[in-house]
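Q: One-letter residues, chain by chain:
There are 2 protein chains.
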Amino acid sequence: MEAQVAEESKAKRRAALTRESILEAALRLCSPEGGGQLSFSRLGKELGADPTAVYRHFRDKDELILALTDLTIQEGVQLARAALPDGPSDDWRAWLTVTARSVRNAYLARPAVAVLAAARTTASPAETSSVEELISVLHRAGLPVIEAAECYRQLLDLTLAMTQYTAAFCSLDPATQAKDDAAWAVKYGMLQERDFPLLHASAARLTELFRNDEEVFELILATFLDGIAVRIERARGVRESAD
Amino acid sequence: MEAQVAEESKAKRRAALTRESILEAALRLCSPEGGGQLSFSRLGKELGADPTAVYRHFRDKDELILALTDLTIQEGVQLARAALPDGPSDDWRAWLTVTARSVRNAYLARPAVAVLAAARTTASPAETSSVEELISVLHRAGLPVIEAAECYRQLLDLTLAMTQYTAAFCSLDPATQAKDDAAWAVKYGMLQERDFPLLHASAARLTELFRNDEEVFELILATFLDGIAVRIERARGVRESAD
DNA sequence: GGCCCGTGTCAATGCCATTGACATCGCCAT
DNA sequence: ATGGCGATGTCAATGGCATTGACACGGGCC
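Sequence order for the protein chains is A and B.
Residue numbering for the first sequence follows my numbering, beginning at 2 and increasing consecutively.
Residue numbering for the second sequence follows my numbering, beginning at 2 and increasing consecutively.
None of these hints come from the bench; they were simulated from the model.
Only a predicted model underlies this, so the values are computations on that prediction, with no experimental measurement involved.
Check the hints yourself; a few may be wrong.
What the hints assert, rightly or not - Straight-line distance between alpha carbons at most 27 angstroms, and here's what the computed BS3-like set of lysine-lysine pairs gives: (1) Lys62/A x Lys46/A; (2) Lys188/A x Lys46/B; (3) Lys46/B x Lys180/A; (4) Lys62/A x Lys188/B; (5) Lys46/B x Lys62/B; (6) Lys46/B x Lys46/A; (7) Lys180/B x Lys46/A.
With the hints as extra help, turn the sequences into a complete structure.
A: In structure tokens form, the structure reads like this:
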């Protein structure tokens with residue numbers, strides 16, 4: 002009898018539950034293909050185990066989510082590393098662009114993590130050296146250390162906030178998404194030229210942007226980096242005049 | 002008997018439920034003082050009525066939330082109007098700054114709305130003329146209409162995303178907030194100068210920024226607007242060379 | 001061999017949104 | 001006036017969710 006039960010268990014789940022296997026399953030559920038919804042019951046089903054078994058490995062859902070964001074950040078860092086040169090670089094703009102996109106893509110691969118993580122942060126050591134490098138790139142470009150650090154924080158908060166914003170929309174059920182999209186299209190279509198000439202003239206472009214969070218993100222990133230360029234020039238000016 | 006029941010009802014709630022009275026109560030609950038949590042049971046208690054009575058006025062929670070965001074946007078527009086001159090202005094930077102801050106403050110007065118609204122949009126007519134004006138200001142500054150519209154969208158998405166980011170953190174229970182804060186302080190305190198010289202040098206500033214979302218927002222906004230300035234200069238350059 | 005701890009199961013609790021069956025009340029048409 | 005109908009409010013129930021405590025098993029350590 003026990004043997005049979007053991008057999009069944011084996012059939013249902015590959016091995017005993019571990020932190021790793023649970024995190025894997027959770028990531029699967031958080032991905033768009035996995036349904037993008039994380040709950041203990043779903044997680045239990047995915048693992049072929051009782052939902053509450055997860056509590057033996059994570060104190061509560063918050064701890065689970067923190068671990069998931071940690072993994073996601075790690076993947077972001079890894080993506081960035083793969084796309085960036087090893088040594089220091091003078092192309093600060095490319096560096097920041099790649100970093101922002103990597104973090105964003107890591108989160109967008111599992112929108113539910115982004116949504117659940119909300120504004121939580123893990124202070125994980127995974128990113129520390131990446132941050133140091135990023136600040137170093139900005140410093141080499143001409144920013145004082147403190148201002149370089151400020152710019153790092155700006156870039157990261159900007160990226161995280163924009164990414165959660167997109168992820169939240171992705172996590173809505175398709176019907177709601179469609180309704181929202183439609184609302185905008187209708188609204189811009191109805192604007193009278195005599196009342197709102199400028200909106201009327203740009204209606205097509207605006208509805209296009211509403212369907213396309215990626216393009217909006219790229220635009221914002223580009224504008225933001227133009228702003229960073231201004232800061233760098235300013236800092237260089239100050240330094241030269243001090244010489 | 003009926004008279005007595007009527008008396009009791011009157012004592013509990015001021016008048017019959019209306020869309021307006023429900024929205025007021027909901028806004029009260031969404032504010033930080035009101036607990037910052039919106040649920041039908043809380044709403045029922047606040048109204049002195051059965052929680053499910055609300056369903057007679059709103060189809061479901063989503064419709065309620067959409068109405069709340071609509072009100073919030075209206076207040077944002079109103080705040081902006083109060084702080085902006087009536088006629089057209091040449092100070093595009095001040096205009097955009099005031100607009101962004103107004104929207105942000107309207108949402109932060111009721112963080113729960115920001116969190117629940119997620120990336121939902123209402124396409125309400127309340128903001129239309131404000132948007133037209135904003136685009137007009139950018140157009141007068143020298144941007145082609147389409148690009149001015151793009152900049153409007155960038156500013157709004159940036160502001161909304163950053164605001165939800167902050168609101169999400171505000172809506173966490175204080176214990177969790179404290180834990181997150183502490184995590185960062187500890188992390189930056191532990192960094193060795195020899196391993197991470199730049200982070201070590203800017204640790205104080207970075208921990209300061211973590212406690213202060215408003216300052217980060219202002220920094221990002223300033224950088225972003227510097228980027229817009231670049232766009233405007235570029236556009237002016239093109240126009241002049243075309244003359 | 002006995003004991004304990006790590007792990008998994010099960011049943012129960014309490015919050016949540018939502019629904020359907022009823023009650024009530026005022027208004028309109030007969 | 002009255003009969004009924006629609007708008008509004010109440011109540012009980014459902015199903016999903018996170019979380020907890022009591023119990024069961026099994027392997028390693030004494």
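Q: Are the hints correct? Go through all of them and say.
A: Hint-by-hint comparison with the structure:
1. Between the alpha carbons of lysine 62/A and lysine 46/A the distance comes to roughly 16 angstroms, so the proposed pair stays at or under 27 angstroms and holds.
2. Taken as a hint, the lysine 188/A and lysine 46/B pair is broken in the structure, with Cα atoms around 37 angstroms apart against an allowance of 27 angstroms.
3. Between lysine 46/B and lysine 180/A, the direct Cα distance comes to roughly 32 angstroms. Violation of the 27 angstroms bound is thereby established for this hinted pair.
4. Pair hint lysine 62/A plus lysine 188/B holds up; C-alpha atoms about 23 angstroms apart against a cutoff of 27 angstroms.
5. A threshold of 27 angstroms between alpha carbons decides the hint, and for lysine 46/B with lysine 62/B the separation of about 16 angstroms falls inside it, so the pair holds.
6. Simply put, lysine 46/B and lysine 46/A have alpha-carbon atoms about 37 angstroms apart, too far for the 27 angstroms limit, and the pair is violated.
7. A threshold of 27 angstroms between alpha carbons decides the hint, and for lysine 180/B with lysine 46/A the separation of about 31 angstroms lies outside it, so the pair is violated.
Figure legend: structure checked against the earlier numbered hints; hints not met, in rising order: 2, 3, 6, 7.
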